[in-house]
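These protein sequences, in sequence, are chains A and B. My numbering puts the first residue of the first sequence at 1, with every later residue one more than the last. My numbering puts the first residue of the second sequence at 1, with every later residue one more than the last.
Worth flagging that the hints you see were computed from the coordinates, not collected in a lab. A hint or two may mislead.
Claimed, not checked - In silico DMTMM-like links for lysine to aspartate or glutamate, alpha-carbon gap of 20 Å or less:
#: 1; chain 1: B; residue 1: 584; chain 2: B; residue 2: 422
#: 2; chain 1: B; residue 1: 666; chain 2: B; residue 2: 650
#: 3; chain 1: B; residue 1: 700; chain 2: B; residue 2: 682
#: 4; chain 1: B; residue 1: 148; chain 2: B; residue 2: 128
#: 5; chain 1: B; residue 1: 628; chain 2: B; residue 2: 682
#: 6; chain 1: B; residue 1: 5; chain 2: B; residue 2: 466
#: 7; chain 1: B; residue 1: 596; chain 2: B; residue 2: 650
#: 8; chain 1: B; residue 1: 152; chain 2: B; residue 2: 296
#: 9; chain 1: B; residue 1: 628; chain 2: A; residue 2: 51
#: 10; chain 1: B; residue 1: 152; chain 2: A; residue 2: 51
#: 11; chain 1: B; residue 1: 528; chain 2: B; residue 2: 650
#: 12; chain 1: B; residue 1: 628; chain 2: B; residue 2: 650
#: 13; chain 1: B; residue 1: 5; chain 2: A; residue 2: 43
#: 14; chain 1: B; residue 1: 665; chain 2: B; residue 2: 682
#: 15; chain 1: B; residue 1: 152; chain 2: A; residue 2: 43
#: 16; chain 1: B; residue 1: 596; chain 2: A; residue 2: 43
#: 17; chain 1: B; residue 1: 148; chain 2: A; residue 2: 51
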Amino acid sequence: MIQNILRHLGGVEQYGVVSLCLFGTLFVGVLIWALVQKQGHLDRMSRVPLDTDTVEPLQTPPNHE
Amino acid sequence: METFKFDNHVVRAFAIAAAIWGLVGTVAGLLIACQLFYPAVNFNTPFTTFGRLRPLHTNAVIFAFVGNGMFCGIYYSLQRLCRARMFSDALSWFNFWGWQAIIVSAAITLPLGLTSSKEYAELEWPIDIAIAVVWVAFCINLFGTIWKRREKHMYVAIWFYIATAITVAMLHIINSLEMPASLFKSYSVYAGVQDALVQWWYGHNAVAFFLTTPYLGMMYYFLPKAANRPVFSYRLSIIHFWGLIFIYIWAGPHHLLYTALPDWAQSLGMVFSVMLVAPSWGGMLNGLLTLRGAWDKVRQDPMLKFMVVAVTAYGMATLEGPTLAIKSVNALSHYTDWTIAHVHTGALGWNGFLTFSLLYYLFPRLYKTPLWSVKLANYHFWIGLIGMMFYVVPMYTSGVTAGLMWKEFNADGYLRYSNFLESTIRLIPMYVLRAVGGSLYIVGIVLMMVNLYRTAKAGRFIGDEEAQAPALNREATRESTKLGHRWLEGVPVTFAVLTTIAVIIGGLIEIVPMFLIQENVPTIASVKPYTPLEMLGRDLYIREGCVGCHSQMIRPFRSETERYGEYSKVGEFVYDHPFLWGSKRTGPDLHRIGGKYPDAWHYNHLENPRSTSPGSIMPNYTWLLTQKLDTTVTIERMRALRKVGVPYRDDEIANSAKSIEIQSKKILAGLAAGSITNTPPDREIVAVIAYLQRLGTDIKATPATAPETKATPAKN
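Okay, chain A solo, but in the shape it has when bound (with noise of 0.2 Å):
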């Protein structure tokens, strides 16, 4: 049946419209979403992965030359 609706479904002309709104729409809204995140959030999960690690990153000189 859903296959049935779709063949007929009409006006494949505006997919390119339709879909460039959808993006454009969806794109304004992760910028708003993005800019109106606290600042301390943002600090605070950009340093996640420099404070879960427990070692210690190795100082790498050349041990045979």
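With chain A's structure known, arrange chain B on it following the hints.
For chain B alone, coordinates are given in the frame of chain A:
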């Protein structure tokens, strides 16, 4: 505070596998690269010939090298970002061994000619099922680990891993829908233009969600770790993620510009491809700017050197990709080595160098010892970089040269280079240089393997690494009701659902027209299904990987119609399961080859292409002359094709043996006319000639009845 142990065993296993398969994949690439200027290095066996090894090379690099690199990076970083051991050790090892088994089965079946012929999805249906099972195990392990995490919020790297897991599953399953005819032979359920659309929706997004998103996640983890400073802008990473996953999924049709795909779908693919520059460059700049104030570290740490080149190569490839997706640029670049240069900027630069960076980072940490030799790693860096340059620059030159030569007309209005071979011969020096570049790159990998091996020997491996973290208060997590990204980072299921919706929207809008097109494909009454002998010949064409070098899609340009004949129409491919349009013309297009040459010409040409086309770089297909055609599979194959929509009647299937006998006799008569009288009628060559002589001839035939609708010319 809870104490737990990170699983380093499986990380190490994936790391070793990535290094080994990296070597295998690039060596396979070098072998076939050499065949392009010295065809004899196929050792005159079908198993080592370009057409069969090319998919082995691409699969080895994408799924074996990058696949293992991806799992390695994810398993290492996910545990640390979640402050938890992987959800299940059993699933981790099932993931590891299952993936290796799939790679080995690919390495066996592809040289045997068992292939679906769909690019980067060549593996036959039992292996496709195995891939789905192993991938599901990976997904359970991923989400299970996220579920039992001790860090409240999911860091940006994890979002990219989630998008990878979900989208690859969706792409793989939809593109691999096929009808089995036997254990190792199946036919795509889609035909012609629909198959092409689904394939490139898959193919493009495999680049996006297998080669890009997991590696971006790794960049977001390992780059800040190595530079020991947080990512430049976390805000930008939010926009990068959502922008990228939403736009990428729409861009697939740019692989089919100027083909028989409807114009609106081509334009949609082009516009979204151009828009992709924005999130891609956002991500690249976010990575590079993370190093602000830390560039001195890049000088000292080879790991960061590799990372910087990888991210730069990502930036170059993601600017070039949208450029190539512009129709007017694509008109020149498509089917040429420009595409090869583009993908190798991505594969050698982005994926290759990032994997090397990852391995140089991990081994000293897994073995608790400094890298054996920083100097050797620096040698690897420079040899690899020079190798990459020697690879891509000749390929750009070759691509532009071929594109221009194919299109050039002389003052009298004739093609300046009417013989395709003129361009082939012109490109051979470029192919030699490319092999030099590839060899250098391989030398670099060997140096890395030595360095990593010596590092491992010098240190002590910690398989279960102890760590501590406070338990996560799940109640507190749920309390947060603010609908910001902060909230979303704490709810993995909702996050996964939103990601799925983002990738499905684009997919749906591309695939819905696939059904619409079914009604709109202009039916051409004279287009009929292949005869049993032609069908078997087509299967041999697929087995030998002819599609790797020959397209079957003449674009509506005067330069192409002059050279090849009438441009290809959508309605001509309605019985093509799978489609064989191809994406590269190392040799000429074959869509209108039918009837162009006598049968004996094809016989001589396949036996030794240089006998009819001096200077040709096509391998000799002598085994087609001697191997007996397997006709026992005819009925099961016709039945399988009927199930996917090819209208074979019962009597046609029942009388297939008779039909094969009659048509073989005709071909033999054709051969005899060319003084070839020593061929028995039951050899594979007969079926291949039958198929080649049928190609593109249907629209030339006068239909018994008037066509229902005339083929409408493309607007391009």
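Here is how each hint holds up against the structure:
1. 584(B) x 422(B): Status holds; Cα separation ~17 Å.
2. 666(B) x 650(B): It is violated: about 24 Å lies between the C-alpha atoms, which goes past 20 Å.
3. 700(B) x 682(B): violated (29 Å)
4. 148(B) x 128(B): Violated - the C-alpha atoms of residue 128(B) and residue 148(B) are around 30 Å apart, more than 20 Å.
5. 628(B) x 682(B): holds (6 Å)
6. 5(B) x 466(B): Within the cut-off at roughly 4 Å; holds.
7. 596(B) x 650(B): Violated, at roughly 33 Å.
8. 152(B) x 296(B): Violated. Residue 152(B) to residue 296(B) sits at ~34 Å, over the 20 Å cutoff.
9. 628(B) x 51(A): Given that 20 Å is the threshold and the Cα spacing comes to 66 Å, the pair is violated.
10. 152(B) x 51(A): Given that 20 Å is the threshold and the Cα spacing comes to 13 Å, the pair holds.
11. 528(B) x 650(B): holds (16 Å)
12. 628(B) x 650(B): Distance of about 26 Å is beyond 20 Å: violated.
13. 5(B) x 43(A): It is violated: about 27 Å lies between the C-alpha atoms, which goes past 20 Å.
14. 665(B) x 682(B): Holds, because 10 Å separates the two Cα atoms, which is no more than 20 Å.
15. 152(B) x 43(A): Cα-Cα ~15 Å, so holds.
16. 596(B) x 43(A): violated (68 Å)
17. 148(B) x 51(A): holds (18 Å)
The earlier numbered hints that this structure contradicts are 2, 3, 4, 7, 8, 9, 12, 13, 16.
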